[in-house]
Amino acid sequence: MTPAAPQDLPCTRAESCVIACADVWRDAGEIMVSPFGTIPSLGARLAKSSFAPDLVLTDGEAALMVGAPPLATPAAELIREAAMPYKTVFDVVWSGRRHIMMMASQIDRTGNQNISAIGDHRQPKVQLIGVRGAPGNSVNHPTSYWVPDHTTRTFVEQVDVVSGVGYARVAAAGAGATRFHDVRRVVSNLGVFDFETPDRTMRLRSFHPGVEVDEIAQATSFALSVPDDVEETRLPTPEELTLLRTVLDPGSLRDREIRS
Amino acid sequence: MTDKRTTVDDIVGELRSGMTIGIGGWGSRRKPMALVRGLCRSDLHDLTIVAYGGPDVGLLCAAGKVKKVVCSFVTLDSIALDPHWRNARQRGQVEVMEVDEGMLYTGLQAAAWRVPFLPTRAGLGSDVLTINPDLRLVRSPYGADSPFVHDHADADVDLVAMPALHLDAALVHTNRADTVGNGQILAPDAFFDPLFLGAADRRFLTTERIVDNGTLTDEGPLATVVIHRLLTDAVAESPGGAHFTANPPDYGRDESFQKEYAAAAGDPDQWAAFARRYVDVSDDDYRAHVDERGAS
Numbered sequence: 087m088t089p090a091a092p093q094d095l096p097c098t099r100a101e102s103c104v105i106a107c108a109d110v111w112r113d114a115g116e117i118m119v120s121p122f123g124t125i126p127s128l129g130a131r132l133a134k135s136s137f138a139p140d141l142v143l144t145d146g147e148a149a150l151m152v153g154a155p156p157l158a159t160p161a162a163e164l165i166r167e168a169a170m171p172y173k174t175v176f177d178v179v180w181s182g183r184r185h186i187m188m189m190a191s192q193i194d195r196t197g198n199q200n201i202s203a204i205g206d207h208r209q210p211k212v213q214l215i216g217v218r219g220a221p222g223n224s225v226n227h228p229t230s231y232w233v234p235d236h237t238t239r240t241f242v243e244q245v246d247v248v249s250g251v252g253y254a255r256v257a258a259a260g261a262g263a264t265r266f267h268d269v270r271r272v273v274s275n276l277g278v279f280d281f282e283t284p285d286r287t288m289r290l291r292s293f294h295p296g297v298e299v300d301e302i303a304q305a306t307s308f309a310l311s312v313p314d315d316v317e318e319t320r321l322p323t324p325e326e327l328t329l330l331r332t333v334l335d336p337g338s339l340r341d342r343e344i345r346s
Numbered sequence: 202m203t204d205k206r207t208t209v210d211d212i213v214g215e216l217r218s219g220m221t222i223g224i225g226g227w228g229s230r231r232k233p234m235a236l237v238r239g240l241c242r243s244d245l246h247d248l249t250i251v252a253y254g255g256p257d258v259g260l261l262c263a264a265g266k267v268k269k270v271v272c273s274f275v276t277l278d279s280i281a282l283d284p285h286w287r288n289a290r291q292r293g294q295v296e297v298m299e300v301d302e303g304m305l306y307t308g309l310q311a312a313a314w315r316v317p318f319l320p321t322r323a324g325l326g327s328d329v330l331t332i333n334p335d336l337r338l339v340r341s342p343y344g345a346d347s348p349f350v351h352d353h354a355d356a357d358v359d360l361v362a363m364p365a366l367h368l369d370a371a372l373v374h375t376n377r378a379d380t381v382g383n384g385q386i387l388a389p390d391a392f393f394d395p396l397f398l399g400a401a402d403r404r405f406l407t408t409e410r411i412v413d414n415g416t417l418t419d420e421g422p423l424a425t426v427v428i429h430r431l432l433t434d435a436v437a438e439s440p441g442g443a444h445f446t447a448n449p450p451d452y453g454r455d456e457s458f459q460k461e462y463a464a465a466a467g468d469p470d471q472w473a474a475f476a477r478r479y480v481d482v483s484d485d486d487y488r489a490h491v492d493e494r495g496a497s
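For the record, the sequence lines run as chains A and B. Each residue of the first sequence is one higher than the last, beginning at 87 in our numbering. Each residue of the second sequence is one higher than the last, beginning at 202 in our numbering.
Derived from the structure by calculation, the hints contain no laboratory data. Accuracy of the hints is not assured; some may be wrong.
[To be verified] Chain B side only, calculated, beta carbon under 10 Å to chain A, not exhaustive:
#1 Arg287
#2 Ala289
#3 Glu302
#4 Tyr306
#5 Thr307
#6 Ala323
#7 Gly344
#8 Asp355
#9 Asp357
#10 Asp359
#11 Phe393
#12 Leu396
[Said to hold, decoys possible] Simulated DEER-style distance windows between Cβ atoms:
#13 A:Thr174 with B:Leu338: 23 to 29 Å
#14 A:Pro313 with B:Gly344: 41 to 47 Å
#15 B:Asp419 with A:Gly146: 28 to 34 Å
#16 B:Gly265 with A:Lys173: 31 to 37 Å
#17 A:Leu157 with B:Leu338: 39 to 45 Å
#18 A:Ala168 with B:Arg478: 40 to 46 Å
#19 B:Thr208 with A:Pro139: 19 to 25 Å
#20 B:Glu456 with A:Glu317: 29 to 35 Å
#21 A:Asp113 with B:Met202: 54 to 60 Å
Built from N, CA and C at the ideal position, the CB exists for glycine as well.
Make the full structure from the sequences, and use the hints.
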């Protein structure tokens, strides 16, 4: 018996997540993509090597890198095309030519994200990484989120410390805040979500293969909009699967973030 | 021309309790760790630290030197959160002014340009404005009828008035410097080090190696001399002065040492032993202990 070709194997949950992340940057054009986490990084590289070749990716340090090399490429082997020190990153953030995918320790119904602290900020029950660039990112350019552990503890009614700003809060903050605000999408290990509802609250956009809609609702602390015709997250094409499995991530780092 | 050479101990001797001190670098990268250890050994207290935080903030918190930290994060890069910082925050031992990374940049820029604030969109709508109730908004004075309004969406908008982050002193580590205080960063990112110096009254460099004035161009292109001597008051030679943080091209992060530093935060006895060996010692002893550790 000949072993199955990589693209003939069934698509894993991690791979569905990679595809969902890649699709976030479809038609984005020539912008900087800043993915946080293994799966979003693979999604960005998959998008850049296939349907979104103009995307701009950093090397994770202080430069833009050519192409979309495999995730485990040693720094010394990367080819760089331009300098991108932090000071220049802020120029890009404030110019709007960027779409970031940050992680969220908590995310709520209107798209507020928390990465600062759980509990009272003055003396947190759990200190998280800090607001980092989330407040500025979310009011300056498209922002999406990756939540690898979708539970009622991560998808909450209201986040403890608003780091990335959601729709209700930004509306209350006025025209200076709303002008470039665009919380585009949330990808979790269970599905894909957006805010394309009349009141800009979270909606189920697609559920990953193998996931029930009820399972998503039960793992979410707030009432999620679920369209009657909601579909499954699309399957990768055979070309995409081969690219992911044999070129971008032959060591299956993706399975360390999301187990099937 | 003034010779600005001094020592790590003399720089620490210039600092006072209660000061606001800016520390260069970013996360666990090019932090002036020899100076930070000097601060830990000193009798200084109640410091306010302004930083893109890394083990500088963690060490100073562990040593009980800190009253308040102005930051957006305190990370060890390969370890997401400095565990000493986590302890200090969860025990309520330090105050924090937590702001967006770009707001920190804007505040340092305002101080360096000697204006009381600069406007920014960053922070609007977020809890940065509620956890820091002293922060204010500013309304653009340019209305729809102003000839300067390029886009009407900008008319009369409210923005965050990021206050100048004035520093009493700034501490920065560079790859090379010369005897009169020009500083050279050979790594691809200078972070915000020139701005920390620009925002401060007293400006101190440590460096891997001091060379003669006019010879920094033998070490690297002129564009790498990003700190000119108008930004510095004193410079101390401190080989390995950023250890265990990353300081390319001279050395990378000492990940194994960093792991030991982080692990020791979990237990008071372990931390006391770590501090005896690696904090409460002279720079020469520190280097010797790190060398012994590497050899074992």
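Verify the interface restraint on Thr307 (chain B): the C-beta must sit less than 10 Å from at least one C-beta of chain A. 9 Å, holds
Does the CB of Arg287 (chain B) sit less than 10 Å away from some CB of chain A? Interface hint status for Arg287 (chain B): holds (5 Å vs cutoff 10 Å).
Less than 10 Å between beta-carbons is the criterion; does Glu302 (chain B) satisfy it with respect to chain A? 4 Å, holds
If you take the shortest Cβ to Cβ gap from Tyr306 (chain B) to chain A, is it below 10 Å? Status holds, d = 6 Å.
So, Asp357 (chain B) near chain A? Judge it on the closest CB pair being under 10 Å. Constraint on Asp357 (chain B) satisfied, holds at 8 Å.
Against the range 40 to 46 Å, how does the distance between the Cβ atoms of Ala168 (chain A) and Arg478 (chain B) compare: consistent or not? Distance hint for Ala168 (chain A), Arg478 (chain B) holds at roughly 43 Å.
Does the closest beta carbon of chain A sit nearer than 10 Å to the beta carbon of Phe393 (chain B)? 7 Å, holds
Could one say that the CB atoms of Asp419 (chain B) and Gly146 (chain A) fall in the range 28 to 34 Å? 31 Å, holds
29 to 35 Å as the expected CB spacing between Glu317 (chain A) and Glu456 (chain B), which holds or is violated: 45 Å, violated
Is the distance from the Cβ of Thr174 (chain A) to the Cβ of Leu338 (chain B) consistent with 23 to 29 Å? 27 Å, holds
Closer than 10 Å between Cβ atoms is the bar; does Ala323 (chain B) clear it against chain A? Give me holds or violated. 3 Å, holds
Hint check, Ala289 (chain B) versus chain A [nearest Cβ-Cβ separation less than 10 Å]: Holds, about 9 Å.
When held up to the earlier numbered hints, the structure conflicts with 7, 19, 20 and fits the remainder.
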